[in-house]
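Kindly generate the complete structure, drawing on both the sequences and the hints.
Sequential numbering of the sequence shown, starting at 90, is according to our numbering.
Just so you know, these hints were derived from the structure itself, not from any lab. Careful, some of the hints might be misleading.
Straight-line distance between alpha carbons at most 27 Å, and here's what the computed DSSO-like set of lysine-lysine pairs gives [to be verified]: (1) Lys516 x Lys586; (2) Lys674 x Lys355; (3) Lys523 x Lys509; (4) Lys407 x Lys421; (5) Lys586 x Lys596; (6) Lys359 x Lys674.
Here the structure is a predicted model, which means the values were calculated and not measured.
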Amino acid sequence: PTTWRMTDYSSDLYWFSDSHVTPDLPQDQYYYSSHCSANTPIIVDNGSWKCRAGWGSLDQPQFVFRSLMARMRGKRGENDFTLVGNDIGNIESLRSSIKNQFDRNVVTNFSNQEQIFDHLFTLLGLSNESSVHHPVLVSEPPCNPPYCRNIMSELLFECYQVPSVSYGIDALYNLYHTLGGRVSDALVINCGYQTTHVCPVLDGLFQPDQCKRINVGGWHISSYLQRLLQLRYQALQSLISLTRAEELVHTHCFVAERYIEMLSKKDWPKLTVQLPYVAIGGGGAVGGASIDLAKQEEKVLQRRERARQHLLRLSQTKREEKIASLEGQLEKLIHLQQLAAVMSDPEEYRLALEESGFNSLESVLKEISQIEEVLEIERSRLLATQQKMQEAATQAVTGGGESNEPKVDSQWLQVLQTRKKEILEQKRVRNQQKQEYSKRRSAASQDRMRIISQLAEDNSGKKSGSQPDTFGMNDDDWNIYRAIHKPGTGGGSDSEKEEAELAEINKVLQHHEPVNPAGTSSHYQLQLGVELCRASEVLFQPSMIGLDQCGLIDVIEAVLSGYTPDVQNRLMNCVFVCGGSSQLKGMEERLSIELTAARPFQSTFTILPAADKLHGSWRGAALYSSDESVWFTRSRYMEEGIEYRIEHLASNRCT
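Next up, the structure:
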């Protein structure tokens with residue numbers, strides 16, 4: 090293979106795309122009737138990272154979506170619903186509730202698998218059918234447990250009433266597609282999302298007794314890179330998500346040809362990655378899109394104002410309902426009070442009181458007074474609420490909600506900035522003098538001692554009376570004490586005034602010109618160097634993430650050790666590399682170097698990368714579906730039972 094070299098990123102800045110997938114649209118009835126017949130099989134590459142599904146008569150899968158689902162709660166009065174695949178627009182927002190059907194790469198949760206089947210059959214235009222009248226081919230991992238395959242068959246035959254089912258290993262389908270059906274001997278390396286398999290194939294048949302698996306895949310690479318970056322940039326942990334780590338793995342990570350030698354390099358090319366941020370002052374960016382912070386704040390204020398008005402309306406409605414209820418009660422009680430003057434028979438009036446829940450006229454009068462007090466309070470509160478709503482409506486019309494703060498003159502702010510610089514410069518000079526005075530041989534210390542000696546000589550002359558004392562007649566005479574005063578030894582009234590003035594200036598400037606240094610792009614940048622190859626090294630050294638398993642090269646040696654040298658040479662003539670993680674740059678070069686060191690002297694081998702590492706398994710399965718002998722029909726299922734299986738060149742085998 091050609092030698093691959095590291096990319097020189099120089100000063101390039103990489104922005105995360107943060108692209109949200111769009112939901113898939115189901116195929117219409119016209120497409121279904123024009124492209125599919127009753128015998129057209131449905132091919133499902135049931136991968137642990139992505140599910141690829143489509144009709145076997147086409148060259149590419151029609152639908153590719155993540156093997157994920159999220160159970161969502163419906164709104165009040167609505168039923169719960171499930172989002173599957175590309176219906177999940179933002180995975181990170183639902184990360185805690187996302188599930189799949191896999192335990193590593195083996196399907197174990199068939200309730201979730203049924204959700205996946207429902208989704209893909211709906212996308213293929215079969216939602217109106219009572220059953221699926223098409224053969225279904227489903228990929229499975231190497232050495233898939235028979236129990237899991239049996240439950241999958243039961244699900245397809247009993248739940249969907251499919252006419253026939255076929256199973257096969259995804260890596261062998263990819264090998265079949267790359268070699269065009271000419272499969273003889275090969276050593277298949279399948280680098281998946283959760284696991285990595287090394288599968289020997291002899292005479293076109295899979296050898297399960299020598300197949301090996303390590304529990305490291307693409308997910309572990311992305312997760313390890315995320316942990317490395319979060320450990321290095323702890324203040325940005327919430328922004329370094331698994332989705333962004335996967336994007337870095339897909340776009341920039343590579344496999345080092347010689348990892349130990351590469352670690353010793355000092356001139357590592359640095360990749361600068363820009364995280365989303367909001368810039369202060371209207372030039373902000375979130376994921377590369379410009380945002381005006383003032384507009385953002387204005388939207389927040391408008392949203393709060395709408396919420397406040399909504400609460401006021403609710404409060405007004407509740408108070409009106411309560412007042413109406415109290416007025417109705419008061420009207421009934423007043424009517425009951427008036428009956429005392431109308432009814433002549435006291436016994437009849439007593440019965441009327443008992444029917445209303447009272448035992449005397451005094452209790453009726455007491456209840457009337459209490460209701461009148463509550464009514465007065467509620468009416469005053471209702472009036473206050475109506476006044477607030479009227480004020481809010483007036484502000485919305487007249488613009489009174491805007492800030493009435495007068496605009497500040499920019500020249501005045503410039504004067505404050507200049508004065509702030511002067512004070513800071515004076516503080517710097519004083520600190521420098523303090524350091525110089527602490528040294529006896531410095532020029533400042535010697536000047537101070539010279540002035541002190543001159544003052545001493547002047548004082549001795551004044552005592553003898555030879556010269557008149559004119560000190561103090563000139564105000565500049567007092568500056569001599571400033572010259573000999575040591576900073577930090579007391580008497581710092583000027584410095585205290587400057588500190589107070591500086592605090593006041595900072596307060597004014599912070600109010601009119603707020604500065605937030607965290608709103609700059611450099612604070613949200615990641616510098617990636619050795620991490621770009623360190624993350625992918627877990628395929629060859631799983632101990633880096635705490636797994637007590639051997640690496641990929643050791644697994645290959647363990648598989649080959651189970652065969653004679655002649656058989657080893659047959660396998661090494663075609664080292665087939667497939668799977669999503671095999672797309673990393675430098676993968677074939679690293680395998681070539683490692684296998685050269687591991688194999689005997691002057692032995693040869695050939696590394697064959699998959700022709701289509703993304704959709705090769707699906708395309709190989711579509712080609713393989715034309716063979717009638719690979720199908721497990723419904724009639725045989727009813728006759729032979731659930732444990733019956735059909736073996737073919739791409740299937741798992743019983744050992």
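Here's how the hints hold up against the structure:
1. Lys516 x Lys586: Holds. Lys516 to Lys586 sits at ~12 Å (cutoff 27 Å).
2. Lys674 x Lys355: At roughly 21 Å apart (the allowed maximum being 27 Å), Lys355 and Lys674 satisfy the hint.
3. Lys523 x Lys509: holds (21 Å)
4. Lys407 x Lys421: holds (21 Å)
5. Lys586 x Lys596: Roughly 15 Å separates the two Cα atoms, so the pair holds.
6. Lys359 x Lys674: holds (17 Å)
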